[in-house]
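Visitor: On the provided structure of chain A, position chain X as indicated by the hints.
One line per chain: the protein sequences are A and X, in this order. Position 169 of the first sequence, counting from 1, maps to 169 under the numbering used here, and the rest follow consecutively. Position 178 of the second sequence, counting from 1, maps to 1178 under the numbering used here, and the rest follow consecutively.
To be clear, the hints were calculated from the coordinates, so they are not data collected in a lab. Quick caveat, the model's predicted, so the values are computed rather than measured. We put the CB at the ideal spot given by N, CA and C, even for glycine.
Computed far set for chain A versus chain X, every beta-carbon distance over 12 Å:
no.	residue
1	Glu73
2	Arg91
3	Gly122
4	Ala168
5	Ser284
6	Met308
Computed footprint of chain A on chain X, listed as stretches where at least three residues anywhere in the stretch have a Cβ under 8 Å from a Cβ of chain A:
no.	segment
7	1006-1015
8	1292-1300
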Amino acid sequence: MHHLVGRLSALDPEASETLRIVSYFDVLITRGAGLDGLLRGAAVLSGTVAGAEVRGRVSRRDPDGHPVTAAGETRRSPEMSHGDWTVWLERDGEPGPHDAMIVERLALGVELIEGRRRPEGGFEVVIDPARPVAERVTHLARHRLDPATPVRILATAADTAETGAPSAIVPTRYGLLRATLDVFGKLDPPEPVGFGTWVRADRAPESWDAAIIALRLTDESVPAVDATELGAMLLLAQAYDPQHPHEDVRALAGLDARSAEVLRTLVEADSIRSAAVALGMHHSTVQARHEALTHTLGYDPRTNAGRMRYIAAALLQRLTAPAAPAPAGPA
Amino acid sequence: MLKYSRPPFDPEVEAALAALAEQIPAVTPGSIPALRRAPLPVLSDEALLAVGVTRRDVTVRSHQGAELVASVIARSGHTGAGPGIYHIHGGGMIAGERMTGVGQILPWIVEHDAVAVTVEYRLAPEFPDPYPVEDCYAGLVWTAEHAAELGIDPGKLLIAGASAGGGLAAGTALLARDRNGPGLIGQVLMCPMLDDRDRTVSSAQYENAGLWVRESNRTGWDALLGERRGTDRVSVYAAPARATDLTGLPPAFIDCGSAEVFRDEDVAYATALWHSGVQAELHVWPGGFHGFDMVAPESGIARAAIAARNGWVARTLGARLPDTGGRR
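Chain A with its partners taken away, still in its complex shape (with noise of 0.2 Å):
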């Protein structure tokens, strides 16, 4: 693997090596890794031994994934430390690019680890659908919060900034995300941002599950989405299962741009002809994308129920995960 990364690396821009190291974590991380995993995972993406020290006992591992006994350990560097644990990269010499980014989320996925344990948790166990009521009530009574209360929940990256409102960092099915606690509909937060619905304090979860969807739908354009404002559709976002791709929505990331494009104008525009218009083409020629569009979808997007398909397909290709990737490799 480290030799698959540094051959990417010397191919790609800085900027993509720092996302993959990112997602590399988030999958640990989101599908419940060890720590072993972690460690190994840190190893061999810095290229030299990952520690921790975790209630006392030290674990090793090398790029290779092998534990690491030898007592010659190097000088830890970066290292991070929080309450009952501590986590490093050995490095004698120069500091790798990105050392620090990988023992800062390997710290993440630790402390994501050791939280569980911790008898009273944290903030994440209000929006954690897995728990009893009970728990959640209790914890919320810590936060002077009665069960009726109305809340919300917004979601937004995992390396926001908290608000000051209880937050935590929390594994989704889009990787980590910071959830934070909305009382009072008075939070500035930082963008890209989803609003969960408003719901009782004791169905938080609820809310949470909305804002990851509406942080989803966000973009450059629209950088804040209130799942409130989705209505009815929230309901078909919710129940749809982004590993499986419903046909609608794999025949929409089939087109190409300019398809997409003249298929988008068709269904907002009255006529062809104003399509035509507003895409600057001959009129013939887009009535024939428009049946070339009919054939490849299945359905005329110019109907009514067409364009309800083709509205519910583009809202949840937008859940749908970027890379449903196909990939080869060597066989």
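Guide: Positioned in the frame of chain A, the structure of chain X alone reads:
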């Protein structure tokens, strides 16, 4: 369309896959040249030297008199007769070269003083079936015939391959059996590509997830078999999954991931070997995609997979075929 649920990927190998996914699209007939140009990780001569191993090239005469290059890889100071490893590289029948995947057998060369031979068999679609498997068989015969000068004990000759190389290794072992060819002490079939019929549940489950997805697999088999793919005009040597009589084959080691297209055909082949009275060890590693042990060798399941495989090889090479003069 029928929707299958499927075993998820192991978190560690999925993390590695996520870091790579964007650069490896499914293989289509049109993308075969690009696949061949993509540099697969190959051990350099320097990397071999670092573990005291050297490589030299030889010429092997094959099918219809063609000349093939093969590499002989051994410890630099190899003397006497040690175990032999006949290696067949992977690459979906359409790509790869003879040093592809040698990293997987390198520990056997180093630890057991084994001598490996790996042949540059000709690739589909330019050279469709039976060229690849006949080239592989010719290389095996050459290896057995030159055992003495190579420093190989003919009673300790193992055949090994990964993916397409695993399928070709199984086909070559069938040819060796049916032509009274060289005796083999074992066959190591790593995530082997065995079945052209594209009809297993695992093929449908990993239609577009993981490595070597269903479309890539169809591309490979189409290149090898053309219009014969999936018909009754495919030999057991090209697609060993079609063999109904596996009696008389050498003991097999088969491994694969639970999250790959080849899972069901690999499990079925192990079962068929047992049904025919052949010894086989089978490992299905939970959450492994195709080739996970090469992509993420540091992961927990890869380390377990590699240890299990190397352990089987050590036990097998510790034994010896009964002396029948090199041929059975």
